[in-house]
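Novice: One-letter residues, chain by chain:
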Amino acid sequence: MAERSFAAEIGKLRQGAGTTFSGEGILAVTKALLQSGVAYVGGYQGAPISHLMDVLGDAHEVLSELDVYFENSASEATAAAMLAASVHQPLRGAVTFKSTVGTNVASDALANLASGGVTGGALIIVGEDYGEGSSIMQERSHAFAMKSQMWLLDPRPNLEAIVDAVEAGFELSEVSNTPVMLQLRLRSCHLHGTFTAKDNVRPPTTVKDAIENPRRDIDRVVLPPASFLHEREKHEHRWPQAVRFIKERGLNEVFGNGLADVGIIVQGGLYNTLNRSLEMLGASDPYGRTTVPLYVMNVTYPVVDEEILDFCADKKAVLLLEEGQPDYLEQNLHAVLRRAGSTTALHGKDLLPAVGEYTSTAVTKGVARFLRTHLPEAVTEEPSLLLAESDPASPFAPRVAAPAMRPRPPGLCTGCPERPIFSALKLAERETGPHHISADIGCHLFAVNEPFNLGATTMGYGLGSAGASALNSKDADRRTVAFMGDGGFWHNGLTSGVGNAVFNENDQLLVVVDNAYSAATGGQDVLSSQADNPIRSTRHPIERAVRGIGVRWSRTVTDTYKVSALRDLFVRALTTKEPGPKVIVAQSECQLNRQRRVKKQRAADLGAGRRVVRERFGVDPETCTGDHACIRISGCPSLTITDNPDPLRTDPVATVLDSCVGCGVCGANAHAAVLCPSFYRTDVVQNPTRRDRFLAAVRTRWIALASRGLETRAARYEVTA
Amino acid sequence: MTTTTLRTDVPGARRGPGWRDGLRPVTLAVLAMGGEGGGVLADWIVAVGEEAGWTAQTTSVAGVAQRTGATVYYVEMLPPPAGGVPVGGRREPVLSLFPTPGEVDIVIASELMECGRAVQRGFATPDRTTLITSTNRVYSVDEKIGLGDGRVDADELFAAAQRAARVLVAADFARMADDAGSVISASLYGALAGSGALPFTREQFEAPIRAFPKAAEKSLRAFAAAYTEAAGQVSADGAGTAGTGPAGTGTATATAGTASSATGPGGAEAGEEPVTAAPARPAAPGGPVPVTIGRRRPETEEDRKRAAERERTRIAASDPASLVGPALTAQAGRTALLPAAARSTVLHGVVRTAVYQGPEYADRYLDRVARVAAADPDRDGDAALTREAGRHIALWMCYQDTIQVALQKTRRHRMARVREEAKAGEGHLAQVREFLHPQVEELTDMMPARLGAWLLRSRVFGRLVHLLTHRGLVLNTTSVTGFTALAVLARMRPLRPRSLRFVREQEAIDAWLDLALAKAADGPRLAREIIECQRVLKGYGATYAHGDDSFGLLMAAARELPAHDGSARRLEALRAAALADEDGATLREELANRPVAG
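Protein chains in written order, with the working numbering: chain F, 952 to 1672; chain G, 1207 to 1804.
Certain hints may be false.
Said to hold, decoys possible - Here are the simulated lysine-lysine pairs, DSSO-like style, with alpha carbons at most 27 Å apart:
hint	chain 1	residue 1	chain 2	residue 2
1	G	Lys-1420	F	Lys-1551
2	G	Lys-1420	F	Lys-963
3	F	Lys-1198	F	Lys-1267
4	F	Lys-1185	F	Lys-1198
5	G	Lys-1424	F	Lys-1551
6	F	Lys-1550	G	Lys-1420
7	F	Lys-1550	G	Lys-1424
8	G	Lys-1511	F	Lys-1551
9	G	Lys-1629	F	Lys-1550
These are calculated hints, taken from the structure and not from any lab test.
One chain only, chain F, in its complex shape (with noise of 0.2 Å):
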């Protein structure tokens, strides 16, 4: 089950015609498939979108009465290949995932599916992760959308306008027989706003219909010569389709031409990020109402050549404003423009920074320039972020010492189960040495930071193992580590990996992290969850995958948080004479998600006037001395430091803070690293029993007894509070 219910949001995916609906962006586009008539959706889960599929997941009754078939994908090429249902039915389909990861692993399915063309609509809903609070690498889903010939919708972040990408998306594909991406930014995934709904639209032909009446045409299949057939139908018939579609629609938007002799060309996701530039710079206002004229691209590809040539026609100089690099679109609009012998000049990333997220200073800064050299009187105001830093009015002028802001980079939460594996193997190595650690994606990439320092390379989801592959040799001493996630192991990494593993006879240890979720991106059910799921089948152990594939040596470890155990077994892992991969499965339930249960059940038992047993470590601060080992060890949230109570010593003592869920890592950190004797658990019995009352009686009774000649020695030469 997800980290969030969505029970408040399936509500409103039921909502009717003319109602206001308010919420997340990422929920108006499942909404939107919904009153689009959608029959199957699909995805895999990852921020942006994570939350289209928990929602979808949570609402498989509004679902049933519809009729949409929904599944949760193996993987982004899963998701992108379920869009073959709309090859020859007029099925209308939609998949979503994080992009340009999901992309580049939808790509292959991606690829045959543009070559062949679509019947019914198929609508790929990316969420693109770029900029600020981004987790991957910084490209652009442009170049998808290019090199297979699929368009690619990039609306205003605006409810409504969302909404109606959506709707126009399916049309659009089904128009021109081409797959239709919708590109959502991050900030826009998140966006809390309004727009009117419409009823919800069964659709059509179901999935079932099309099941019972199956249809083939050899032409769409990727085999030549009909692949060869396909790339002229790209040229010829689906691109003039798509063109004339756009423009009829009126899918990009003209405001204030005619106002001015230059011009502002937009992607529709910067709409709103440039309208507030405009405002700060006296020209335009909170109702859009601009000096300037702008075209705005809801649809970044294709462009449209006459409709360029239109607003440049009465404009000396335009500014493309394009987020990322390369810059697609410039050298695109450049073409255009000089094919046609156009005179007006066209600045982009000459006023633009090159690479990085559009955020309003960068945009502010370079349409500054350029209305200052081609519309001078437009520009009315001057926002103070265009002062000069030192200027004392500028926002960044220094008012905090640099060397007082540290970054704080996201890490695993407090409990989190994978950070004993981490200890352990930080451990486990004092004894063996350094290793050649292959990282993967997932919260147990946080250990590539302080405190832990493990983990040289990431080459992507589920390839842990195989971004470890080459360094595999009869003559080395010691093996290569690498990670993986419950998660990227059923996406892809137990055939990419421990498949490829066991071919090779590479001598690797693998440990799968099995967290029971895909937990770094919102908690979803894999198969090996422990959950029972109504709708998916759960509980397939890792270990057995494992075997199945033919690892010989593979151990399974119930309880991460014995540091001592598993760092035994690490060392073990690392010194047998057993060949081929070593596979340890370290299992222990995502914190996050099992507070979420385990909070829930302890407010119930405690109402009941059930025994409850809370648990949290402490640290004694006499007896700490300050070095802060066990924090190098661990870095847990809840465990810091705090002022020394001691007026002697100086540098502050271990502390554990409230938010302590008792997960019992300090007192196996502990142990295992041989510490000190500082970290104590405290289990507080609420309801106790009486059975727990006659022995707290008892005990108390005798440690009053056994203490007395203590404290009566100390009285002697301490002063009595």
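Dock chain G against chain F, hints included.
Specialist: Showing chain G alone in chain F's frame:
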């Protein structure tokens, strides 16, 4: 292409008010760490706005970025236009997804370094921003992992907040939330309401909290505490300056240097309000920057400690016996011969050493301090050498052996502290389990010197100890057997002076002091640095062993260094190197690169 619906066919310009005239949304950024409820806070704010008829939008970057990392949530809100949507305008206003540096009206930070980040990124600026920050610190991993004290200067962070705020509301909102049994998002929300930066009533603010009755009571308690604090701060500072009073509380609104944008009380009448949605007007660019209200930093723990120490120093001079137990009156009297500035510290040391071993041990401590005091060139002044010696000699003499740890674990005040820390309420039982891992050395250290030395060499004994303890020992101190075991250990104090370690430590202490005193005549600062090297002796097990190695290297270096104060800086740098990492690599490298001899 869509037809130009916005076209006015008036080349040249849009007419009407714009950004600088106040036709702009209220902009608000929340800087928090993932998991702190920043998203909930942003949602509450949006709910208040929407309920009042405003257009509200919130965005954030979510996903893995939110796992405990620094995260920004951003809200924009625009009241309905006075006379309807202006001609040619969009029905729905265009709001931005990014906070723009220099243009953020309200910044809420959950912690002091995140507040610093808001300043560094230009979100909080002195011409515009109501900056609401919690003054507590949540240390970054960078700050936590140092062997010494890696924390950044909180005063600098607070000063940055003062430099970058038009109105500053600063208090420990984390503690307020904690006291109310709630989370920081609730108290920060209360602070926002109390700051008066948004024109909504308290009831309006509380409504979204009440919508979820389950957690409402605790959240409202945190909200109320923070509301009162913030309102108090703003009205105390705001008289005649730039603060706007809390809406709905009847506080007069006064906006410095700007005439046009008084924000009306209560958002219920939002529709009748002028289009000026922004809570305050910025100065025109290039014009004078309004004076930031410089709230004094609320008294910190540090301030309270300093005041207490001043008081203690006074008592140490007049009535030293009152700072020790009845059996140490004579020892307290001896401190009168020591420099006044060092007495408070030394009295701590007297108590510490006496509890550790006995009054004779306290005398031995005083003898050692007196030796240093005799060489202190600044006896009548700050007496830093004596004071530091008083501190470090006591710490070293009370080294953490098994007996000492057992004593610490069995003291009554410790159990009381543990219960309080665990928030064990009435009727709740608390059990404490220690995570112990006795090493062969720690056991033999405790034994009479000869026996200890013999057992330490014994392989059978070593194996036996390993077998019993290598997986660690979990001892229930609250059980009869567990407590008895520790209480017996704590009573083994009389064995200590005959133990292997005691002999070794006393010799090392004297050698260390001899070295410091040998250098003191010509280099008192160097002597002090030698004394302070005791700081690297910390930790247990491997950490202690590494520290001990580093200490040896430092002493060897100190011996070689010429006896003048110029060497002090060098030794200080070497000590910093020793604390730079766990295994002493930096120190060894430093010594290899620049040998001290010659």
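Novice: Against this structure, judge whether each hint is valid.
Specialist: Right, here's what the structure says about each hint:
Distance check on the hinted pair: Lys-1420 (chain G) and Lys-1551 (chain F) sit about 12 Å apart at the alpha-carbon level, within 27 Å; holds. Proximity of Lys-1420 (chain G) to Lys-963 (chain F) is assessed by CA-CA distance (about 22 Å); at most 27 Å being required, the pair is judged to hold. Proximity of Lys-1198 (chain F) to Lys-1267 (chain F) is assessed by CA-CA distance (about 24 Å); at most 27 Å being required, the pair is judged to hold. The suggested pairing of Lys-1185 (chain F) with Lys-1198 (chain F) holds, with an alpha-carbon distance near 18 Å, which does not exceed 27 Å.
The straight-line distance between the Cα atoms of Lys-1424 (chain G) and Lys-1551 (chain F) is roughly 17 Å, inside the 27 Å bound, and the hint therefore holds. Taken as a hint, the Lys-1550 (chain F) and Lys-1420 (chain G) pair is honoured in the structure, with Cα atoms around 14 Å apart against an allowance of 27 Å. Taking the CA atoms of Lys-1550 (chain F) and Lys-1424 (chain G), the gap is about 16 Å. The hint holds against a cut of 27 Å. This hinted pair does not check out: Lys-1511 (chain G) and Lys-1551 (chain F) have alpha carbons roughly 41 Å apart, beyond 27 Å.
The straight-line distance between the Cα atoms of Lys-1629 (chain G) and Lys-1550 (chain F) is roughly 17 Å, inside the 27 Å bound, and the hint therefore holds.
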